[in-house]
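Residues 1 to 105 (our numbering) are what the sequence shown spells out, left to right.
Treat the hints as calculated values from the structure; they're not laboratory data. Keep in mind that the hints are not guaranteed to be accurate.
Unchecked claim - In silico BS3-like links for lysine-lysine, alpha-carbon gap of 30 angstroms or less:
1) Lys4 x Lys100
2) Lys38 x Lys100
3) Lys73 x Lys38
4) Lys73 x Lys99
5) Lys73 x Lys100
Claimed, not checked - Derived DEER-like restraints, expressed as beta-carbon distance ranges:
6) Glu90 x Gln52: 17 to 23 angstroms
7) Met62 x Lys99: 27 to 33 angstroms
8) Ala3 x Lys100: 27 to 33 angstroms
9) Leu94 x Leu42: 31 to 37 angstroms
10) Arg101 x Phe15: 22 to 28 angstroms
11) Asn98 x Pro63: 32 to 38 angstroms
12) Thr78 x Lys4: 31 to 37 angstroms
13) Glu85 x His8: 25 to 31 angstroms
14) Glu90 x Met41: 18 to 24 angstroms
15) Ser64 x Lys38: 15 to 21 angstroms
16) Phe68 x Ala3: 16 to 22 angstroms
17) Phe74 x Ser43: 16 to 22 angstroms
Virtual Cβ for every residue (Gly too), placed ideally from N, Cα, C.
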Amino acid sequence: MLAKLEPHSIPLCIFDPQYRGILDKMRYGNEGVSRGRKRSMLSQMSETTIVQFINGISDALMPSGHLFLWVDKFHLCTGVRGWLENNGLEIVDLVTWNKKRMGMG
1 MLAKLEPHSI PLCIFDPQYR GILDKMRYGN EGVSRGRKRS MLSQMSETTI
51 VQFINGISDA LMPSGHLFLW VDKFHLCTGV RGWLENNGLE IVDLVTWNKK
101 RMGMG
């Protein structure tokens, strides 16, 4: 899909990759049994696939464009810089909010 876009043609992209970062780190043990059944059935994106998507987004973004990258607290703290290497994108800022409840979702 990204390859069909004209280079440097979009002003904004929101990307919420499907990855296992925090789930693998926390090792809950009950995933797919008593928690996260639907999420555990979804196929997960590898680091390589995520980088390929981000590179495609970078190619499609206008020079003044922005990528809104949705990440969990694990990736926020450990970093996503490796996802942004060699594609001209740089971290500009952080947007966060109080959703007034704990947990994912």
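- prompt: Against which earlier hints does the structure fall short, listed by number upward?
  reply: 1, 8, 9, 13, 14, 15
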